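The listed protein sequences correspond, in order, to chains A and B. The number in this note's numbering is simply the position in the first sequence, starting from 1, with 2 added. The number in this note's numbering is simply the position in the second sequence, starting from 1, with 7 added.
There's no promise every hint is true.
Stated by the list, open to error - Computed spacing ranges between beta-carbons, pair by pair:
| # | chain 1 | residue 1 | chain 2 | residue 2 | range |
| --- | --- | --- | --- | --- | --- |
| 1 | B | R96 | A | D160 | 46 to 56 angstroms |
| 2 | B | L282 | A | D160 | 33 to 43 angstroms |
| 3 | A | V217 | B | L172 | 25 to 35 angstroms |
| 4 | B | A72 | A | V15 | 48 to 58 angstroms |
| 5 | B | A72 | A | V108 | 40 to 50 angstroms |
| 6 | A | L277 | B | L282 | 34 to 44 angstroms |
| 7 | B | A147 | A | V217 | 50 to 60 angstroms |
| 8 | B | L269 | A | V15 | 29 to 39 angstroms |
| 9 | B | G224 | A | G306 | 46 to 56 angstroms |
| 10 | B | A72 | A | T286 | 43 to 53 angstroms |
Everything labelled a hint here was simulated from the structure, so no lab data went into it. Keep in mind that this is a model prediction, so the values were computed, not measured. Virtual Cβ for every residue (Gly too), placed ideally from N, Cα, C.
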Amino acid sequence: MSEPFRLNPRNAVIAGLLVFLALLPLYTALSGNSFVMTLFTRVLILAMAAVSLNLIMGYGGMVSFGHAVYLGLGGYAVGILAKEGFGSGLLQWPAAIAVSALFALVVGALSLRTRGVYFIMITLAFAQMVYYVAIGLDRYGGDDGLTIYKRSRFGIVDLNNRTLFYYLCFALLLASIYLVSRVVNSRFGLAIQGARSNERRMRAIGFAVFRYRLVCFVIAGALCGLAGALLANHTNFISPAMMFWTRSGDLMVMVVLGGLATPFGPLIGTVTYLLLEEALSRVTEYPGLILGPTLLLVAIYLHGGIHSLLQRRTS
Amino acid sequence: MLYFIEQFLNGVQLGMLLFLLAAGLTLIFGIMDLVNLAHGSLYMLGAYFAATFAAFTGSFVLGAALALAATFVCGVALEIIAIRPLYGRNHLDHVLGTFGLLLFFNELVRLIWGPAGMTLSLPGEMLTAVQILPHVYYPAYRLVIIAATLVVAALLYIVVMRTRLGMLIRAGASNREMVGALGVNIKLLYTLVFGLGAALAGFAGLMQAPILTVQIGMGENILILAFVVIIIGGIGSIRGAFVAAIIVGLIDTVGRAFLPDLLRAALSTNAALTLAPALSSMLIYMLMAGILVFRPEGLFPAASR
C-alpha cells in the first residue's frame with residue numbers, strides 16, 4: 003500500500019530478500035553452483051504467477067482455484083508455436099498472453115455470475131477441462147508432454163544464457179508487483195477492493211461490479227499466461243501436469259502463506275513454500291507428511307500469512 | 008445397439024459412483040458449510056482398505072465390510088482432529104487446510120502401502136458376464152455396483168427423510184444456529200455427518216477397487232467430477248446430486264464412446280481422430296457451463312431441497 007517507507011522488521015526482510023535475489027547470480031558465478039540459480043529462477047516465475055493470483059484472490063476476493071491453467075495455456079502457446087516452427091518470442095509471448103486473457107474472459111464471464119463456493123469449484127472445473135484437452139492433444143505429446151528444443155528467440159538477446167534469463171524473470175516479477183500495486187491503488191482497484199468488502203453497497207452507489215471484476219480477472223489471467231511462457235522457456239518442456247488442479251492449490255498456498263492482499267506477500271510465500279518443499283525432500287522421503295499438516299496449521303492459526311507475522315512483531 | 012446398451016450401463020455405473028462421492032460432499036457442504044478437498048483421499052483410503060482386508064480375510068464381502076467400517080472411523084477421527092477448527096472459517100481456509108490434508112494422506116498411503124498400486128481380485132462368480140437381454144451380456148460385477156449403489160441411495164434417502172438423525176441433518180442444513188440453540192448436540196451431529204460422508208466416499212472407493220488399479224492420487228481426478236456433479240445438481244441438494252450424477256456419468260461415457268464416430272461422419276477421419284479425445288473430455292464441462300448460464304444455482308437449488 004501507499005504507506006510511507008519505514009525501516010521496520012518487515013521492510014527489512016523484504017529488502018533483504020530483494021538484495022539476495024539480485025545478488026544470487028553473483029554467488030552462482032563464484033561458486034559454480036548452478037542448481038541454486040535453477041531453483042530460484044523457478045521461484046521467480048511461480049512468484050509472478052502468485053502475484054497475479056493475489057490480484058484477484060487477495061485484493062478482489064475472487065477465490066479462483068484454477069489459476070495454474072494460465073501457466074499451462076502460456077506454456078502451450080510457446081510450445082505449440084515452437085513445434086510448428088514459429089520460434090520468435092515476439093510472436094510466442096504475445097500469443098501466450100492473448101490466449102490466457104481470452105480464456106480468462108470466457109471463464110470469468112461464466113463464473114463471475116456465481117458466488118462463494120460455486121466460484122471456487124467452477125474455476126477449478128474449467129481448469130481441469132483444459133488439462134484433459136491437453137492430454138487429448140496427441141500431436142503435442144498428449145499425456146507425456148512436449149520438449150521445446152529452442153527457447154524463444156528475441157533477436158540478439160539469447161535466453162539460453164542462464165544469468166540473463168534469471169534477470170529477465172526477476173525484472174518481470176518486479177514489474178508485475180509494481181503493476182499490481184498500481185492497479186490496486188487506482189480508482190479501478192479501489193472499486194475492486196470495495197466490492198470485496200461490500201458488493202451490495204458498491205452496486206448501490208453505481209459501480210458495475212461484474213465488469214470491474216471481469217477486467218481484473220482478465221488482467222490476472224494475462225499476467226499468469228506470461229509467467230507460463232517463462233516457465234516453458236525455463237524447463238524447455240510442457241506437459242498437462244503443469245496445470246493439474248493440485249498446481250493451482252500450490253499457487254493458492256503460496257499467496258496465503260505469504261499474506262493475502264499484500265504487495266510482497268506472494269513473493270515471500272513462494273520463496274518459503276518452494277524452499278520448504280526442497281528442504282523437506284532432502285531430509286525425508288515423505289515430505290508431504292510434514293508439509294500437509296503445516297498447511298493445515300497455517301490455515302487454522304496464521305491469519306494474514308508471514309507478512310502479518312512480521313508486522314505483528316513491529317507493533 | 009448392443010454396444011450402446013453396454014455403454015449406457017457403463018454410464019449409469021459411473022453416475023452411481025459419482026453420486027456416492029457427491030452425496031457426501033454436498034451433505035458436508037450443506038450442513039457444515041465446509042469445502043472438503045480431502046474427500047477424494049477418503050475414496051482412496053476405502054479402496055486401499057478393501058484391497059488389504061480382502062487379501063487378509065480371503066473374502067471380498069468381508070473385506071468390503073471391514074473397509075467400510077475403517078473409512079467411517081477414519082472420517083470420524085479426521086473430523087475430530089483436523090476439521091473441527093475449520094468450521095466457521097472462510098472457504099479459502101478450508102481449501103488451504105484440506106489441501107494440506109490431501110498431501111498428507113497421499114504421503115501416508117505411500118508410507119504404509121508403498122508407491123506401487125494394488126489390485127483387488129473378485130470372487131469367481133462376479134467375474135462372469137450375465138445375459139441381461141437376449142444376446143446382451145454384461146459383467147456381473149458392474150451390475151452389482153449399480154444395484155448396491157441404488158440400495159445405498161435408497162437407504163440414504165430413508166435416513167435423511169424418515170429418521171430423527173435425518174431430521175436433524177435437514178434442520179442443520181437450513182438453520183445451524185437454531186438447531187444448536189434448541190439443545191441438539193451439534194458437535195456430535197457434525198462428526199456423524201462427516202463420518203457418513205467419509206463412509207460413502209469409502210464405499211465408492213472400495214466398489215471401484217476391483218475395476219481400477221488402487222493407486223495414490225486416484226481420488227484427485229474423480230473429486231473434480233464430483234464437484235461438477237454438485238455444481239450441476241445444486242450444492243446442498245442430495246436429489247440434485249443424484250440426477251446430476253447420472254446425467255454426468257451418461258454424457259461422459261456415451262460421449263467418449265460415440266463422439267469419434269459422429270465426428271467421422273461430419274469431418275475427415277484425420278480431423279476426427281485429432282478432435283475426438285479432446286472434445287469428448289470437454290462435454291461435461293460444456294454442459295456445466297450451459298447450465299450455469301441458465302441456472303447459476305444448479306438444477307435443484309438448495310432452497311427447494
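Query - Unmet hints by their number, sorted upward, for this structure - result: 3, 8, 9, 10
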